[in-house]
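**Student:** Place chain B on chain A using the hints.
Protein chains: 2
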Amino acid sequence: MNSFKTRRTIRKYSDREVSNELLNEILATAMRAPTCGNMQLYSVVVTRSEEGKKTLAPAHFNQPMVTQAPVVLTVCADFNRFTRWCSLRNADAGYDNFISLVSAVADASIYAQQIVAIAEQQGLGTCYLGTVAYNAPQVADVLGLPSLVVPVACITLGWPESEGEETERLPLEAIVHEEKYREDSDERILELFAEKEAFPANIGYVRENGKENLAQVFTDVRYTRQANEHFSGIALDYLRKAGFLK
Amino acid sequence: MNSFKTRRTIRKYSDREVSNELLNEILATAMRAPTCGNMQLYSVVVTRSEEGKKTLAPAHFNQPMVTQAPVVLTVCADFNRFTRWCSLRNADAGYDNFISLVSAVADASIYAQQIVAIAEQQGLGTCYLGTVAYNAPQVADVLGLPSLVVPVACITLGWPESEGEETERLPLEAIVHEEKYREDSDERILELFAEKEAFPANIGYVRENGKENLAQVFTDVRYTRQANEHFSGIALDYLRKAGFLK
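Residue numbers (our numbering), protein chains in the order written: chain A, 1 to 246; chain B, 1 to 246.
FYI, nobody ran anything at the bench for these hints, they're computed from the structure. Please note that the accuracy of each hint is not assured.
Which copy? The list can't say, so a pair holds if one copy fits it or any two copies do.
Unchecked claim - Below, a list of computed lysine-lysine pairs in the DSSO-like style, where the Cα atoms sit at most 30 Å apart:
hint, residue 1, residue 2
1, Lys12, Lys180
2, Lys12, Lys241
3, Lys241, Lys180
4, Lys5, Lys196
5, Lys180, Lys246
6, Lys54, Lys12
7, Lys196, Lys246
8, Lys211, Lys246
9, Lys54, Lys180
10, Lys180, Lys196
11, Lys211, Lys5
12, Lys196, Lys211
13, Lys12, Lys196
The following block holds chain A by itself, in its conformation from the complex (with noise of 0.2 Å):
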């Protein structure tokens, strides 16, 4: 259980090489992981090449890693191979609808954190980019994702450069309930919070910014209300779009 204890996120690379082979192996070897009714409702784009990842980073907001890193995998969910199938077998596939997207939607997620665990046992850095969420119709069309094909994972991956940094965590009780869901008492909530708001890197988050407290980073600076409505919008029109929402 150790190495997952110990498990950091890594947003730096060194120049080794990762090698096809063990790519590779990584990829099927995370195909033995959960997958609905076995449809296997996953595809991994992967991009290698100088030019891919140059093409695929204003996407993710020019974060850094996405050049840097030697392997950047972007995890679809992928009603349509599947319903290719079903086409050609004469079969009616009805899954242009969001219960479908949901059960691809899990299976390309499961994929993807399997694909996370295994890479790094054997060593490997990886870091997922939120920025897929935001700018979905981007990366489609970067990756020529034709309809039933969603990213919903994006990882860089490499030979760590250096150790990640640590983060906090809340305490175990803040995230499990017995038998229902325990609604805290507000005091409790805080209580719950008080480590994290005392994270010396928390602290400086708050300073830096010039807030009150470590929530009004979130809510004013990193996740704000107008940015979530905003791309929420451009979400739904983009499932819309790739034929999940008919």
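**Tutor:** Showing chain B alone in chain A's frame:
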């Protein structure tokens, strides 16, 4: 990498207890998995009591694993806890929208699969219940989930009673795309599914269900258009009620 290669889904569990100590160590260790902006937008409800499992079972179409497994975990996307913290800190939490749901579902999915990966390396067996997507409103009701908390993954957990069944997978070439998504020809699609169609258990399903081929078992029996459209409506209505589509 070997344990990831040989893993199998386990649907039958022995009487051996899963101690609270081991379970909590797994749940705490999995918290080191990546999370969006380190917000940890997930919770897990642990169902262990006979009564709790019996009450939950109908929401999973009474699949026997629910009452037979010593532990049932329902991993939820949770923006409730974070939103309450923000409100207590005079911060305007704008997380009642679709893109925030997407972030929380990603967090919950990654956490769920990390739990599974860790548990399996300890020798435990697990099984995801896809029914959580279809019957989310019932699951939420039984577990008492408040607004901005929705169930994402349900996992049964216990020591294996017997080895799981071997299942087939598509060839790696079906899943992996180099630089751009490659739209395969019809002939190639059929080649990629050939091994799956020839898998003995699948040939059995075609015969048992009186269908022409395996694709029709999926479209006419297991995941029908009619059921998908029915459950899509329920899911979208539920997400609106849960406060994520404002």
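**Student:** All hints, please: hold or fail.
**Tutor:** Going through the hints against the structure:
no.	hint	result
1	Lys12 with Lys180	between (41 Å within a copy, 25 Å between copies)
2	Lys12 with Lys241	neither (35 Å within a copy, 42 Å between copies)
3	Lys241 with Lys180	between (38 Å within a copy, 19 Å between copies)
4	Lys5 with Lys196	within (18 Å within a copy, 37 Å between copies)
5	Lys180 with Lys246	between (35 Å within a copy, 26 Å between copies)
6	Lys54 with Lys12	within (17 Å within a copy, 49 Å between copies)
7	Lys196 with Lys246	between (42 Å within a copy, 29 Å between copies)
8	Lys211 with Lys246	between (43 Å within a copy, 27 Å between copies)
9	Lys54 with Lys180	between (48 Å within a copy, 14 Å between copies)
10	Lys180 with Lys196	within (25 Å within a copy, 41 Å between copies)
11	Lys211 with Lys5	neither (32 Å within a copy, 48 Å between copies)
12	Lys196 with Lys211	within (16 Å within a copy, 57 Å between copies)
13	Lys12 with Lys196	within (25 Å within a copy, 40 Å between copies)
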